[in-house]
Amino acid sequence: MVKRLRLTSIVALTSLTLLSIASPLRAQTRLGLHLGQSEELSLALDGRLTFESALFLPENKSNYLWGKNVADAEPFRMSPGVTISQARLALVTKYQSWTGRIDVNFAGQKVRLSDTYIRYAYSERGDITLGHLYDPISIGLNTSSRHVSLIMPMVVTFLTPVVRHIGITLTQWGGRYWFSGGLYAGGIVGTTSGANRYCEGYGVAARAAWLPICSEGDVLHLGVSASTRTPERRLDPTGGMLLAAHGSSVVDERSFVQTKLPNVQRYEIFGAEAAYRNTKFYAQGEFLLTNIGYTPESHARRPEDIERGLFVSPEEYESFFGGYLTASYMLRGEQRAYNRRSATFRNTADELLPGGNLELIARLGYLDADQGGRLAEGIAGINWYPNLYVVLGASYTYGNMDARANAGGYLHSKALGEEGLRLHTLRLRAQFVF
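Okay, so the sequence shown: first residue is 3 according to my numbering, each after it adds one.
Certain hints may be false.
To be verified - Derived EDC-like pairs (lysine to aspartate or glutamate); straight-line CA-CA distance at most 20 Å:
id, residue 1, residue 2
1, Lys282, Asp220
2, Lys262, Asp370
3, Lys112, Glu54
4, Lys63, Glu76
5, Lys63, Glu255
6, Lys262, Asp220
7, Lys262, Glu202
8, Lys262, Glu299
9, Lys70, Asp254
Simulated from the structure, these hints should not be mistaken for laboratory data. From a predicted model like this one, the values you see are computed outputs, not experimental measurements.
With the sequences and hints as input, model every part of the structure.
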């Protein structure tokens, strides 16, 4: 059976390669394949490949130990490394007003299904999508990874569910407005649906934007978003939730700022966002608030006896908040373009100067995770876009955390006081998209 699967895979890949060689390259970011079908039916490849390296310089590293228990802990280490942070390939099919996409991504040493959907465009400025996508909350979350000039803000990774859900989404935009909202079930978490299983969670989400300024040279984007969901219980019948901020690089993915709440009944996310761009300057800021309603462990009952739903009154609430501000200046070339369909910004202009564009970019961020710790971070970087398909970037990140940012109890400090880990990270990134 394994040999048959391998043979089938080899044949399929060989056929796809031959078709690709025989097909002309379109003047877009997709490779078109012409298979002799009707002119109304098109098939395209969409993908990206990202390499990343990082050097970590923790202050006073010898003051820390790493392990579940202090007695068994080892010296704390953050070793430099190189990794493939993303290897993504998608097939996109279009027929008249219909679009289908199958998207697979290799990241974090795992292969996962990414943006996969069926979409119907009922007008030039509106569509309905059924698929496996991010909820329409946060401009930072919904900016495609192919257009991310720095690592996703840690604030966003902690305060929003950085997982895709299966749902139905309505998106509509006009001259100065944009709206997207929908109903969502659970995601694909690597478990099969078994008999007598627990609920996968469900919720609603919406994001709206207004463009007071929208011209060829200037764009001012103002937006709000909100979401409410019940917890995923297939992996944890109690409905426990782990909130964790991603690290400063995927080379070391440890989440120092994290917290876990048991017996979650429902949770809400609220966001406000603003962005501005002209031909040279770009800035984007966002504030996020996450409220989690839960039953304390002291009141714990059987999972079946805890009331959950979008309209229940939780016994207690825990709130977390944070925000960030990103600013960019193009030393060479024009600033990034605005994407009207997604109400986000691309990482480049529609056209680049011969020799490419050169960008200086920086970010400040703050996250208050209560018992999970507090984090203040600053990032400065430079990106070179030699063409529309390649970006080469270098960045420096400084993260200042308090003593409660201990990676869920795994990071132990020998020193007393409220000071936590201070981390310097040097990061290099190379990305190719098509």
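Outcome of the hint check:
1. Taking the CA atoms of Lys282 and Asp220, the gap is near 10 Å; set against the 20 Å cutoff, the hint holds.
2. Proximity of Lys262 to Asp370 is assessed by CA-CA distance (about 14 Å); at most 20 Å being required, the pair is judged to hold.
3. Between Lys112 and Glu54, the direct Cα distance comes to roughly 16 Å. Compliance with the 20 Å bound is thereby established for this hinted pair.
4. For a cut-off of 20 Å, the pair hint linking Lys63 to Glu76 stands: about 12 Å separates their Cα positions.
5. A C-alpha spacing of about 18 Å is found between Lys63 and Glu255, which places the hinted pair at or below 20 Å, so the restraint holds.
6. Using a Cα cut-off of 20 Å, the hinted pair Lys262 and Asp220 is violated, with the two alpha carbons roughly 43 Å apart.
7. Between Lys262 and Glu202 the alpha-carbon distance is near 18 Å, which keeps this suggested pair within the 20 Å criterion.
8. Taking the CA atoms of Lys262 and Glu299, the gap is about 12 Å. The hint holds against a cut of 20 Å.
9. Proximity of Lys70 to Asp254 is assessed by CA-CA distance (about 18 Å); at most 20 Å being required, the pair is judged to hold.
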